[in-house]
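Number of protein chains: 6
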Amino acid sequence: MYELTVRDHVMIAHSLPDEFFGPAAGLHGATFVVEVTWSRPDLDEHGVVIDIGAASARLKEILADLDYRNLDEHPAFTGRFSTTEVVAGHIGDRLRASMDLTGFAALSVRLREHPDAWATYRVEL
Amino acid sequence: MYELTVRDHVMIAHSLPDEFFGPAAGLHGATFVVEVTWSRPDLDEHGVVIDIGAASARLKEILADLDYRNLDEHPAFTGRFSTTEVVAGHIGDRLRASMDLTGFAALSVRLREHPDAWATYRVEL
Amino acid sequence: MYELTVRDHVMIAHSLPDEFFGPAAGLHGATFVVEVTWSRPDLDEHGVVIDIGAASARLKEILADLDYRNLDEHPAFTGRFSTTEVVAGHIGDRLRASMDLTGFAALSVRLREHPDAWATYRVEL
Amino acid sequence: MYELTVRDHVMIAHSLPDEFFGPAAGLHGATFVVEVTWSRPDLDEHGVVIDIGAASARLKEILADLDYRNLDEHPAFTGRFSTTEVVAGHIGDRLRASMDLTGFAALSVRLREHPDAWATYRVEL
Amino acid sequence: MYELTVRDHVMIAHSLPDEFFGPAAGLHGATFVVEVTWSRPDLDEHGVVIDIGAASARLKEILADLDYRNLDEHPAFTGRFSTTEVVAGHIGDRLRASMDLTGFAALSVRLREHPDAWATYRVEL
Amino acid sequence: MYELTVRDHVMIAHSLPDEFFGPAAGLHGATFVVEVTWSRPDLDEHGVVIDIGAASARLKEILADLDYRNLDEHPAFTGRFSTTEVVAGHIGDRLRASMDLTGFAALSVRLREHPDAWATYRVEL
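Protein chains in written order, with the working numbering: chain A, 1 to 125; chain B, 1 to 125; chain C, 1 to 125; chain D, 1 to 125; chain E, 1 to 125; chain F, 1 to 125.
If you're looking for bench data, these hints aren't it; they were derived computationally from the structure.
Calculated cross-link-like contacts (lysine-lysine; reagent style DSS-like; alpha-carbon spacing at most 27 angstroms): (1) K60(C) x K60(B); (2) K60(A) x K60(E); (3) K60(D) x K60(F).
Computed list of chain D residues with no C-beta within reach of chain B, every gap over 10 angstroms: (4) P23; (5) L63; (6) D100.
All C-beta atoms in this analysis are idealised placements derived from N, C-alpha and C, irrespective of residue type, glycine included.
Please put together the full structure from these sequences, using the hints given.
Next up, the structure:
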């Protein structure tokens with residue numbers, strides 16, 4: 001199995017309006033460092049999982065819809081909390097919808113929200 | 001699959017009294033940076049794998065029993081070497097014993113002992 | 001010269017409402033990783049610049065006033081942009097006002113806003 | 001399951017002479033930070049996956065054949081592109097050929113080529 | 001004093017053809033992670049040292065002349081060794097020549113060549 | 001001004017037997033990641049501050065006297081606390097005593113004891 005990961009980041013505001021989230025219930029924000037991994041059982045004819053330049057460009061496109069935004073006003077998160085896990089899942093779903101993943105075995109999205117906490121969404125294909 | 005990881009650290013002394021361990025046989029020490037990951041197939045009703053604050057607090061409780069200690073005198077390691085792998089396993093077992101993991105798919109504990117070496121214990125639930 | 005640095009972080013929302021800031025003009029957010037450094041020409045009687053525990057606790061006190069906040073509504077930033085540099089300066093000024101720095105040579109505050117950008121405020125004492 | 005990872009690096013030149021690779025088609029270079037992970041279902045009699053010193057020495061031996069080299073002139077890459085994925089696979093295959101992996105469950109090799117991109121090769125044993 | 005740092009990277013080939021450099025004498029390569037810091041005694045009217053977007057764009061312009069290149073064939077290094085220090089100095093000089101640094105106190109360029117070595121060039125203005 | 005930094009680490013046990021140090025009073029340990037920086041106003045005839053290989057070898061020599069040791073029994077720390085600052089100063093003094101620093105402007109030693117705390121000793125030459 002081979003994997004290729006590219007990294008980028010977004011800077012967002014959001015709130016998690018439920019007492020479950022304690023101090024994170026109010027409006028605050030985060031730098032999400034985003035690491036996306038594509039997995040394939042074998043390499044393609046160029047000896048890669050996916051071209052790094054193409055992977056980075058695709059990720060940046062998806063992230064452009066989130067970067068410098070208040071997620072409380074973003075339609076993707078209406079009716080649900082924009083937790084780190086949910087945002088990771090959203091990015092993963094957007095990536096899957098935007099590209100042909102035939103031949104790939106898995107896609108995963110990791111979001112680091114601060115040096116001591118991160119979340120990952122992984123889907124087998 | 002979703003995962004949530006929190007990170008903390010402990011500073012311990014220990015020895016590995018067997019010639020197998022070469023220079024690490026004598027009394028020395030380590031900063032173990034500890035990363036614990038909880039895995040679930042789906043998010044809970046709050047859109048999380050586990051609350052980051054609750055996860056961090058639980059980890060800190062477990063680590064309090066190790067932090068600033070000489071592991072050679074800690075009962076958990078009587079009769080076995082407190083290698084990085086064994087300490088990772090111990091932390092994982094203590095976490096499992098301290099919380100209800102119904103609904104979770106896996107738990108893993110990674111210990112980084114220096115920039116160029118780390119060990120991981122992972123248990124499927 | 002000796003220096004001691006401790007690190008912590010805050011998660012804030014803010015806007016920078018001026019076209020100068022381009023996409024950062026609107027409401028967004030950041031995880032600021034905060035590194036504070038105390039400098040002294042010589043060590044004290046315990047062989048330290050400042051006790052790490054005391055330094056960390058002092059920093060956490062100062063940061064509690066910013067963490068999980070929308071800086072647009074924080075009185076410290078009324079009438080000025082809460083840029084990374086300005087927030088670093090604010091934290092430095094708050095630290096200076098909260099402790100006796102006799103015997104210290106300098107204090108600096110570094111804020112990392114994402115993996116590829118950070119700002120530092122340094123004051124000679 | 002237990003894992004042990006050691007890290008080292010090599011500094012190589014190479015080209016990827018195909019328009020597919022865009023600006024990387026010409027002669028350039030990379031620092032590859034190499035992380036190798038050995039997995040075992042259980043620890044051995046010393047309480048380790050593999051001795052860190054032995055693992056580091058074995059990795060350094062394998063890397064000595066690549067370090068400070070122009071991979072375009074290295075026989076292992078004749079007739080194929082020395083992409084990050086291919087070099088990871090090559091290191092993994094060389095490690096497997098050089099040691100008895102009875103009792104191990106998997107071996108993986110991660111190469112970080114810059115802060116925002118890395119590739120992994122993983123083989124189940 | 002305030003400082004602002006932005007980070008980027010280049011991937012280059014080069015040789016250091018002198019026995020002084022041991023194994024680095026032959027053709028090899030490096031990923032240079034580049035951190036550039038601008039210093040000012042006071043912030044400008046927008047509360048910044050320099051706009052992060054503008055700083056990043058300027059750095060990328062300067063680095064485009066080095067990225068994916070063989071420095072042995074780059075005119076800037078004719079007649080001298082393209083050591084990490086020399087490349088840092090070259091980037092610093094190019095930055096100084098490309099922008100008005102009135103009001104700034106210092107400029108520094110750090111190049112990380114692998115996890116365990118880096119070089120810095122700093123010029124007071 | 002030019003600087004060159006190399007990095008290595010040691011794993012030590014020690015105690016800080018004074019109530020001032022709270023939980024660190026008892027026997028515990030640390031991984032100290034050690035970064036040593038040499039500064040020179042100009043580069044030498046090879047275009048370097050100091051050869052990276054030579055610098056790394058010199059640092060490793062000095063650290064060999066500390067690595068895998070209990071600092072409570074090391075003669076260098078008799079009668080004083082082996083705080084991070086004191087160990088940094090000790091390494092700096094040993095480096096100065098072991099090499100000719102003519103032409104250098106400064107030497108500094110940074111010890112990272114965990115991800116959130118580090119100390120630096122710097123001497124102007």
